[in-house]
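Protein chains: 2
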Amino acid sequence: MKIVTTVFQLKQEISQHQAGDKTIGFVPTMGFLHEGHLKLLAQARAENEIVVLSIFVNPLQFGPNEDFDSYPRNLEKDKELARLAKVDLIFAPSAEEMYQGEPSYTVRVHDRINVLCGKTRVGHFDGVATVLTKLFHLVQPTSAYFGMKDAQQVAVVHGLVEQFHFPLKIVPVDTIREEDGLAKSSRNVYLTSSERSQAPAIYKGLLIGKELVLQGERTKQKIVDEVSSYIMQHTSGKIDYVEVLSYPELINHEVISGKLIIAVALKFTKVRLIDNITIDI
Amino acid sequence: MKIVTTVFQLKQEISQHQAGDKTIGFVPTMGFLHEGHLKLLAQARAENEIVVLSIFVNPLQFGPNEDFDSYPRNLEKDKELARLAKVDLIFAPSAEEMYQGEPSYTVRVHDRINVLCGKTRVGHFDGVATVLTKLFHLVQPTSAYFGMKDAQQVAVVHGLVEQFHFPLKIVPVDTIREEDGLAKSSRNVYLTSSERSQAPAIYKGLLIGKELVLQGERTKQKIVDEVSSYIMQHTSGKIDYVEVLSYPELINHEVISGKLIIAVALKFTKVRLIDNITIDI
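So the protein sequences, as listed, match chains A and B. Using this note's numbering, read the first sequence as starting at 1 and increasing by one per residue. Using this note's numbering, read the second sequence as starting at 1 and increasing by one per residue.
Just so you know, the hints here were simulated from the structure itself, not pulled from any lab data. Take the hints with a grain of salt, since some may be wrong.
Claimed, not checked - Listed next, the stretches of chain A that the computed footprint assigns to chain B, with coverage defined by at least 3 CB atoms under 8 Å from CB atoms of chain B:
#	region
1	106-114
2	137-145
3	158-169
4	205-214
Note that CB positions come from ideal geometry on N, CA and C, so glycine has one too.
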């Protein structure tokens, strides 16, 4: 496994792999790898000759009041996990290496952003789209892997690749769950023990919503109400949102049809958890 | 020579050329080809195995009061000229094919735009950068060719490719001139005969500026003044701007150094002409 920190080195490595006409699977991350990332890496490993992992806490996707400085970092641990996951190449640049000051060119995302978590994270997806544009050009992957835990990000990246015609494939990877259904997240450790025992109700609520849809319910509000009331009854958390939207367009229709997403954000004492489920009807 | 109008067809053609590992020279244009374009095509032809020409009047780079609707179009003539220039593939999509309505993702250019013609063309270079991002991904050229007549566009595209790490080379091509030095332009026909005889003074003014720099002048304002006064004395046109900037950064320094551009825009009765010269000191 090779580790590079500069654009120059990365380009050299990638051009070697391209000369050999190798398929490249790319997993872009902000590091502090957990099981979700490992699942992405495993799928990239299974489907490609070369696996590239990027580790970059991207300042451009953090708002002024967000936790850029305190975002957890542990490059040594990440390297160890990447080695076990049989990653071929890690790209771990500094912010200076990626941006040299204020960026002169950015990507602006106009759709799919004023819903779900995007509502309260102005500019977040511009930052995501900008850094991915750079990374996609540098790594030139055959396929790039993203976790469905952040379904809105997957939707935005899908749109980016489709609209800008990036010559690569986006592969969405299912959320990993604990045995009781709770979506795995590094943030779960911030739950109190009583909250931890309530938290699986988020996923159960989503499953109830899915069941309603599969039984023929097409009125958005009814699904939102059922999911919300189940979660409110079974947890002490405060609902930030329960939304039912088309997927991946993320449009709010009163009467649903086609592929859709049910998504929840729930605030506990110290931590806000998100989860979602997609359904193709 | 093949002509395609859809993204789907273009992708098929490009993937065939890529399978053969061919070098691709790309000349993006808005059509209505003139000698400037033919020079770009000739250089692309000389340096690449495959030459791709795009013809697309990009609505996104026209302001609300600009001439999108009346912009000249003549696809039949363009095809004829392209055939003579030994173009392999023309991509001539509709606006609908390129954008399907309002674009959901755009590129925003933050630097190099508030000078020269960019000052009065708000959003113009965002439109240029957005369409080029799409075209570069679709055509995947080895090199893309741009005329130095629009030096600001070349500077913006250079920055775009550098900052976003597009895996391709930008090749600037020198402005073609009439024997008397006037930069060739389809707009020259709108000059009155007296204006036509004065117009070479634009280039002569630029050469006077260059000579000053080569003789050691480093104060920007002196160069601007000399160039302006020469042009004012020798033409009836009205100076829109005479600027001396670093190139390709397009920064306005009082004392010049390194590579620079002297650029002029001059308004005649019915037409505004632009020209420029770059100097490496």
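Okay, the hints, checked on the actual structure:
{"no.": "1", "hint": "106-114", "verdict": "holds (count 7)"}
{"no.": "2", "hint": "137-145", "verdict": "holds (count 3)"}
{"no.": "3", "hint": "158-169", "verdict": "holds (count 7)"}
{"no.": "4", "hint": "205-214", "verdict": "violated (count 0)"}
Checked against the numbered hints above, the structure breaks only hint 4 and satisfies the rest.
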